[in-house]
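**Q** Single-letter residue listing:
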Amino acid sequence: MATTQDTREHIIVPGPAGFHPPSAAQMGVALPDPGQGLYYGLLEPNEEVVIEEMARKMLTSPNATIFPGPLLLWAWNDHAVEKAKATLEIAAQIPEVMIIPMPDYRPKYPKIDPEEVINPNHPNLTIWGNKIEAAIFIGVHCHYANLTLKMIRAGTNCCTMAICAEQGHEDAMLTIRDSDTEKLKRVAQIFKRVREEMGIKLPENGENVRFTGTQSKVHGGQTHTNPMAFAPVPGGAGSAAMFGHSADQMKREG
Amino acid sequence: MSEVKTTPPGETAAAVVTQKQDPHEAAKTQKVVTPEYMFLEAPRTKEFITGSEAAKEAIRRSNVDLAVAYPITPQSETMQLVGVLYGEGYVKEYYRGEEEVGVMAAIAGGSRAGVRCYTATAGPGTLRGLEGIASWPGHRLPAVAMFTCRVVNAPLAIQPDNIEVAYLLNCGMIVFHAENQQDMFDFTMAGFIISEKNDVTLPVGVCCDGFFVTHARGYVRMQDRGIKLPPREPWRGAVPVLDAENPPARLSRDAPVQKSNFMAYNIHAVWQQEVWAAVERSRKYINKYMGGLLTAENVEGADAIIVASGSAAAQSREAVRLCKEKGLKVGLIKVRSLRPFPTQELRALCGNAKLIVVPEFNYVGWLAKEVATAIYGYSKAKIIGGPRVYGGQSMPVELILDEIESGLTGKKSTNVAMSQVMGGSVNPDDVAQFMRSI
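Line by line, the protein sequences give chains Y and D.
Just so you know, we're using the working numbering here: the first sequence kicks off at 1 and counts up by one.
Just so you know, we're using the working numbering here: the second sequence kicks off at 255 and counts up by one.
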């Protein structure tokens with residue numbers, strides 16, 4: 001779907017791009033200025049165009065997934081909690097969406113459970129394991145997001161999207177920048193509008209988030225949940241426990 | 255009352271008496287301003303100072319948290335002057351390390367903890383600390399380090415020679431090359447801000463040619479000492495800072511280098527790509543805060559262009575003046591940023607030149623190789639990788655002049671080997687003569 005006047009060929013597209021393709025920066029892709037976005041490697045002056053394309057991809061791709069990172073997963077402060085809630089508002093607009101956390105950045109050995117977490121050192125395992133073809137990264141520190149995005153573009157066919165609180169990410173197919181709580185809420189509204197324009201309905205019970213197999217086991221066999229029923233609150237280790245990480249677990253991992 | 259640390263060289267007894275009243279008084283009243291105001295708008299006044307003093311004045315205005323020193327000529331005076339700033343309260347922490355390995359590790363620790371760090375070293379000190387320095391970019395550690403270049407190879411000497419830049423170019427850090435005292439001042443201050451940009455989050459090396467810049471005086475236009483840059487905002491970095499209070503706190507960046515499998519290799523490869531992508535992202539900030547990766551003088555319509563960095567640029571400027579007196583159209587491109595390298599800019603500026611001369615203060619000619627690689631296919635110019643001086647030699651302007659004249663007229667050079675001439679049309683007989691003579 002043509003959404004810009006730009007007739008140039010898209011630069012950053014779903015892969016697999018190859019064994020070890022050059023980074024987007026090596027190919028001359030530069031980060032957008034405020035209000036702008038990157039649209040498959042091309043500068044898009046209006047970030048709303050990029051958000052609309054994100055919505056279309058998340059609404060139509062198999063196994064669309066949101067990957068929340070530590071910056072909004074760990075309830076460090078009220079700001080993080082507000083952003084987490086706004087992210088759940090985005091999730092609430094995508095039928096059958098999955099939410100798989102990136103709780104930290106340490107490599108997972110001897111092997112990762114792709115239905116539990118995604119990890120920046122081997123993110124392709126989670127993409128392959130769940131056959132994810134569209135994904136939003138949010139709340140991941142920029143360095144680790146960039147590693148993740150490069151590896152996914154190299155080895156998978158996933159369309160990656162980065163909703164960034166800073167300057168955005170060249171290696172994502174779609175990215176916007178300066179995403180504070182207000183912008184996240186606006187993203188949710190745009191997702192809602194696009195979904196309605198496409199005639200896609202949400203389940204009446206509000207349970208549109210699909211659990212992975214591991215998440216389903218943790219939740220007693222339940223297959224879906226209502227993201228708006230989730231209530232993140234500040235509280236350090238206590239809130240971390242809500243995401244399945246107990247204080248004991250963290251002590252062991254530390 | 256705080257203890258008086260040292261009496262700064264050249265300061266009057268009256269100034270010391272004032273310090274005794276409250277040595278931190280002036281530092282406490284410094285006002286934070288935006289980088290945009292500091293670099294682009296703030297009024298400046300001119301002073302005639304050494305390069306080390308210029309670095310000191312840059313640090314005074316840069317809101318530095320931690321400076322770690324270890325003496326080595328010709329940098330010793332610079333860090334001693336930064337120590338004076340500590341005594342005056344402009345730098346929050348300062349100490350002398352055990353040696354350069356320890357200094358660079360301390361800078362890594364300070365930067366990872368989230369504070370603004372500064373150090374300086376030179377020659378053998380650079381190489382001794384290089385393991386640590388080369389690890390900074392991968393750990394995404396913002397900091398500014400000054401390298402006052404000098405001889406590193408045996409038989410040892412302390413004299414100017416910028417061979418150490420060749421080692422720094424491939425670390426993944428941002429590298430500037432200061433021509434003079436003004437550059438030392440400007441590049442150091444801008445370095446902190448560029449280094450700490452979220453999409454950069456890399457160390458910055460500010461190189462200069464030792465003695466020529468550190469110990470000589472030049473005019474430096476400086477902002478009022480009552481203003482300073484905003485503090486580092488570590489929470490905005492591309493990586494989490496060390497946070498020992500909250501789990502998960504980690505001391506390393508968790509690269510799985512200890513594993514021998516494709517995934518481990520892959521993440522390390524991608525990690526390196528990301529470091530160099532961050533170097534690329536610094537371009538826009540160098541353009542914004544420093545006015546560009548290079549400066550060009552008289553390049554339009556020039557038959558010959560000298561491409562130089564550091565002190566070689568100063569000598570080249572005089573060569574350009576002499577060429578003008580002789581009726582030769584010669585321009586000068588001064589490369590200020592070596593990493594990132596101004597590839598696109600050089601291609602645009604050198605496209606029509608017949609001759610490019612690259613004078614350097616080192617044997618290997620690292621700048622000539624960079625220039626030739628950058629403009630390959632974009633210019634038909636003959637590239638003379640020289641003249642080169644090293645081991646402490648100064649560079650007579652006439653050496654540069656000779657290369658321009660011989661390059662334009664076809665006269666043989668006595669100072670530059672055939673192997674240092676690239677591009678253009680090379681006479682096979684000359685090459686054969688060269689091969690016979692070595």
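Hints were generated in silico from the structure; no laboratory data involved.
Misleading hints may appear alongside valid ones.
Pulled a few chain D residues facing chain Y out of the computed Cβ check, cut under 10 Å [unchecked claim]:
id, residue
1, A388
2, V406
3, N407
4, A518
5, A531
6, K538
7, R690
It should be emphasised that the depicted structure is a prediction, and the values quoted were computed from it without experimental measurement.
We treat Cβ as the ideally placed atom computed from N, Cα and C, and that holds for glycine.
**Q** Does each hint fit the structure? Answer for all of them.
**A** Right, here's what the structure says about each hint:
| no. | hint | result |
| --- | --- | --- |
| 1 | A388 | violated (17 Å) |
| 2 | V406 | violated (31 Å) |
| 3 | N407 | violated (34 Å) |
| 4 | A518 | holds (8 Å) |
| 5 | A531 | holds (3 Å) |
| 6 | K538 | holds (7 Å) |
| 7 | R690 | violated (43 Å) |
When the structure is compared with the earlier hints, violations turn up for hints 1, 2, 3 and 7 and for no others.
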